[in-house]
Every structure is written in structure tokens, then in C-alpha cells.
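Produce the complete structure using the sequences and hints provided.
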Amino acid sequence: MTDVITRTDPKPEQVPVVPPKGGAKDRWIRRAPLLPGLIFALIITQVPFLFTLVLSTLDWNALRPGDRSFIGIDNYVTVLSDGRLRAALLNTVLLTAGAVIFSMILGLGLAILLDRKFLGRSVVRTLLITPFLVMPIAAALLWKHAIYNPAYGLINGLFGGSTDWVSSYPKAAVIATLVWQWTPFMMLILLAGLQSQSEEVLEAARVDGANAWKIFTKMTIPHLRQYLELGALLGSIYLVNTFDAIFSITQGGPGQATTNLPYEIYLTTFRKFEYGEASAAGVIVVILTIIVATFALRVISSLFRMEESR
Amino acid sequence: MTTLSAAPKRRLLNSLWGVIAWIAGIIFVFPVIWMVLTSFKQEQDAASNPPSWVFTPTLDQYVTVFDRNIMPFLLNSLMASVFSTLLVVVLATPAAYALSLRPVAKWTDALFFFISTKMMPAVAALLPLYLLVKNLGMLDNIWTMVILYSSMNLPLAVWMMRSFLLEVPREVLEAGEVDGASTITAIRRIILPIVSPGLAATALICFIFAWNEFFLAVNLTATNAGTAPIFLVGFISSEGLFLARLCAAATLVSLPVLIAGWVAQNKLVRGLSMGAVK
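In order, the protein sequence lines correspond to chains F and Z. For the first sequence, position 92 matches number 92 in my numbering, and the numbering has no gaps at all. Just so we're on the same page, my numbering is the position in the second sequence counted from 1, plus 1000.
Worth double-checking, as some hints may not be accurate.
[Claimed, not checked] Here are the simulated DMTMM-like cross-link-like pairs (lysine to aspartate or glutamate), alpha carbons at most 25 Å apart as the crow flies:
| no. | chain 1 | residue 1 | chain 2 | residue 2 |
| --- | --- | --- | --- | --- |
| 1 | Z | Lys1267 | F | Asp115 |
| 2 | Z | Lys1106 | Z | Glu1167 |
| 3 | Z | Lys1009 | F | Glu203 |
| 4 | Z | Lys1009 | F | Glu199 |
| 5 | F | Lys214 | F | Asp115 |
| 6 | F | Lys214 | F | Glu203 |
| 7 | F | Lys117 | F | Glu199 |
| 8 | Z | Lys1134 | F | Asp59 |
| 9 | Z | Lys1267 | F | Glu199 |
| 10 | Z | Lys1009 | F | Asp208 |
| 11 | F | Lys272 | F | Asp115 |
| 12 | Z | Lys1278 | F | Asp208 |
Derived from the structure by calculation, the hints contain no laboratory data.
The structure is reproduced here in C-alpha cells:
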């Protein structure tokens, strides 16, 4: 299943290390240190997926013991024709894109601020990374109860009003919490990008009379492009699996407004006990992931070539 | 352009940016400060509207949290995080070596296989994992979590360790070979001292992710092997809402990672980007 993904390898001339030579014995000596980790990863990550494939063809609801007949692709038909999975897919895209885009914009702004020298810069950086370090489930509960709560939450406490933020703006409430946690991540990646700009080149541009805006749009942004891609890619890998925030802030509601794919499959598995359908949905998610990941890995491999050639 | 010369003007601008950066930093960290402040309040101060800024600090909430038996959960988290981190380092370091300094033939394929497992959504594996673990009688067992957290962090650690190993200067290694040092000696005398800060950073990142993990823990553990995030969730539903107490519990469970992250902050970006960004 991962074959599709692995074919994006860089060309041999970019290999930063000597290619192996010698006989079979030497090849096995080279392989030996890799094998324990590789086998471990194969067993723990691939076997469950194969098992999912099998389960997805069974008519198995755990509430009806004994009844596990083979029904072929019926679960896929059920899942794909039921609007819930499509709604969950759309929510996943909206929540992920919303969180990635806003945390990226904020992260870029903060990275630009931190790229300057000022008093207490390292303290400010420490302050800014702190939200990322708070346990995600604790952060979600904190935002839900201490910040969004209509009666004694911080927003209504500071600005008045009695808006129930979570039920009035469920998606925005989830996204805001995620953005708060993930902005530091984007900031750190973009800050590393900013600091890898050559100071001499920037100075030369200044001497040549380029103004700050011009330097930013013509030099900094193109230089940052790969870092922006990397941030978006890694942020998406993590955020597409968002579960904690939805589990504790909205429980997927109101209605289905914030039910993303992980939460939908969780509900199908452990609330409805439709094991067959949950597996079919899981397989569909894996196929979607492979499609997206094939593109993603191309980005990653180009990034690594860039880093290694530096 | 202006009468001010460039240098003082830029210095003025920089201090203005500094003020803005400080304000942004304080806004960002404010929910955390609020969480810590609230954890030292009595419940009636915590639930007041408008928010109370002046209050008599109390440790009552922390005492309650310990009375509700948070310790076993913290110990479970500690076990799952520490043992999975050890297992990851033991598996990832040799693997990274075989993918960098003395590479196997298809090292790129192996490297991308590792990262592709990271992209697979955990939710697609949840049911088979649950059934397998249940059939093995390993539900609600901390060693199950150790294994799963290891596989969750392994790709990250392999990529990260590889990026540190590639920093070992080729000339030093070759000089060692000329001097007749065996592979083992080379690893012990040359490679390990150079990569040990990287090893520590890798371990810290793995620890952070394992400590904070919720999805697998909530579905595969209960009372015996429940980790700190599970305590937090169970605490809410059994207690109804007590904001100050929630904040005390949230502060306690977040503290280890806050400290680890602050300590490792210079290496944080490299770990989070799997070694892509230095």
C-alpha cells in the first residue's frame, strides 16, 4: 500500500552518501541496523491496515453477535451513499485548511517580528511557543470552559455579552483553538526560513536602494516559499487527524457541524458499533491519504534536496 | 530619502517592532497565564463574571486533584512516554545510521516508507488495533501504549536522527578508518559524541508527543493504564464543571511537556520538521 508513495525518491546524483558496494555479506551487514526498526514499523502500521481491508467486507455490527457474513463492497456503497461521510470529509477539509491558513498567516507575522533584534527576544520566543506545548486536550478544555463559556468565559467576561461561542460558531471555535496551538509551530519553521536568508545579499539590496517592502516581496517571500510549503504540509499531516479538540469542545456538533473524518469513524466504531462500515470508511480515508501524500512527498523530497545542498 | 541616517532609524524601528512583539507574545501566552491563575482560585472566584483579577491564592484545587488520584495516571503517562521513547531511540538510531552514514542500497525507499506511515491516519487503524489488542488480552495495558507510541514516533525519530548523523564530518570518519578503528570504536568514539545533543533532542520530542497523545489512549485504555489526558477527561465528566479544579489538573498534566519544550526549544523546530529545518 505504501508502494505508491515511495517512488518519489530523489535522483541518484543527489545521494549525499556513498552508495554501497561489495558482496551479499556486506549488504546484509549494512542492512542489519535498519531491520529491527523497519520490521517493527511494518508489523505495527501495515498489519492493522490489511486487517481493516478484511473487516470492511464484513457485515459486522458488534451489537449483533455472531453475524459476520461477507458482503463484498456493500459497506463501501453504504458509506459512500450516506451523506455523513461526505459531510465529514468536507468538514475535515474546512477545519484543516482554516487552521493551517490562519496559523500560517499569524505565524509569518510573528516570525517577521522575531527576526528582528530587540530587548528580550528570547523571552518573547519562549512565550510564543508555550501554546504549542500545552497538552492538546487540556488546551481544548481550557478554551471551551475558561474562554468560550457564555456565563463566565473570558471573552464574555472581558467584552460583555452572553454569546454562547461554541454553539453559535462551532467551526470557528474549533479553528481558533487549533490556530492558537499551531501558530507557534508555523512561526518556528518560518523563523528558521527567515534566519537562513543571507544577510549580505539583503544588505546589498538595501545599498542598491531597494525599500523594505520590495525586499520582502521580491526576496523574502520567494526564499520562504519552501518553508511555507513545509509548514503547510506538516501542519496538515497533524491537523487532518484532529480529534482532541472536537471530542472535547463540540463532540462533533451541533448536529454534524464539526464532525471530521476521525471523529465520524470514531462514532461509527464506538457509538454505533458498525465495524464493517467503520472499516470501509477507514479504507476510503487511507486511499484519500495516499493520493494527497503522493503529492506531499514530492514536496518533502524537493525540500530535503534543498537542505542537503546548502 | 529622510534626514535621519539609516542606522539610528533602523534601531528606532526595531524597538518599535520589539514592543509589538512583546504585546503579541503576551496575548498568545495569556490563556496559559489565565489557566495557571485560575488554578489558584476558589471556585466562586473562577466562575465570576466579570473575571476576578484580585483574589486570595489557594492550593485547594491542587489538593483536590491529588485526592482524586491523579498520581496513577501521571505514572502511567510517565511509563508510556519514557519506555516508548527508549524503544524508539534504540530502533531509530541504528536505522538512521543505515540510512545515512553506511546506507543500504534502497535507502530513499526505506526513508519514505517511514514517513508514509506517519501520514496514515491513526483512525483507519483504530478498529483493527482495538480488536487485535482485545484478542491478545492487552486492552488497558500500559505496554500496549508503549508499543503504539513507539510506532507513532519512530518515523519522526528516524528522520531526525538521520539529519543529525549526516552532520558527522566525513573526513573525521575516514581518518578513523585509516587509523584502523573498528566500526564499533568509530561509533562510540566519533559518532556518538557528535550526535548526542541530537539524540537528546530526538528523545525529548518523542517524549512530548507520547505524553500528549489522546486518541489511542482514550480508545484503548481505561482505569488501569489510563494516562494523564484520560484523567483530565474523566475528571470533567465525573465532577461536573469546576473551572478552577479543571485548570489545576490541566496545569499539572501540561507541566512536564512545558518544561521539556522550554528546555529543548532550540531543537524544537528541527524535531517538528523531522530534520528538514535546522
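Each hint tested on the structure:
1. Z:Lys1267 - F:Asp115: 17 Å, holds
2. Z:Lys1106 - Z:Glu1167: 21 Å, holds
3. Z:Lys1009 - F:Glu203: 15 Å, holds
4. Z:Lys1009 - F:Glu199: 19 Å, holds
5. F:Lys214 - F:Asp115: 17 Å, holds
6. F:Lys214 - F:Glu203: 13 Å, holds
7. F:Lys117 - F:Glu199: 14 Å, holds
8. Z:Lys1134 - F:Asp59: 20 Å, holds
9. Z:Lys1267 - F:Glu199: 23 Å, holds
10. Z:Lys1009 - F:Asp208: Measuring from Cα to Cα gives roughly 18 Å; hence the hint holds.
11. F:Lys272 - F:Asp115: 51 Å, violated
12. Z:Lys1278 - F:Asp208: Violated - the C-alpha atoms of aspartate 208 of chain F and lysine 1278 of chain Z are around 30 Å apart, more than 25 Å.
Hint check: violations occur at hints 11, 12; the rest are consistent with the structure.
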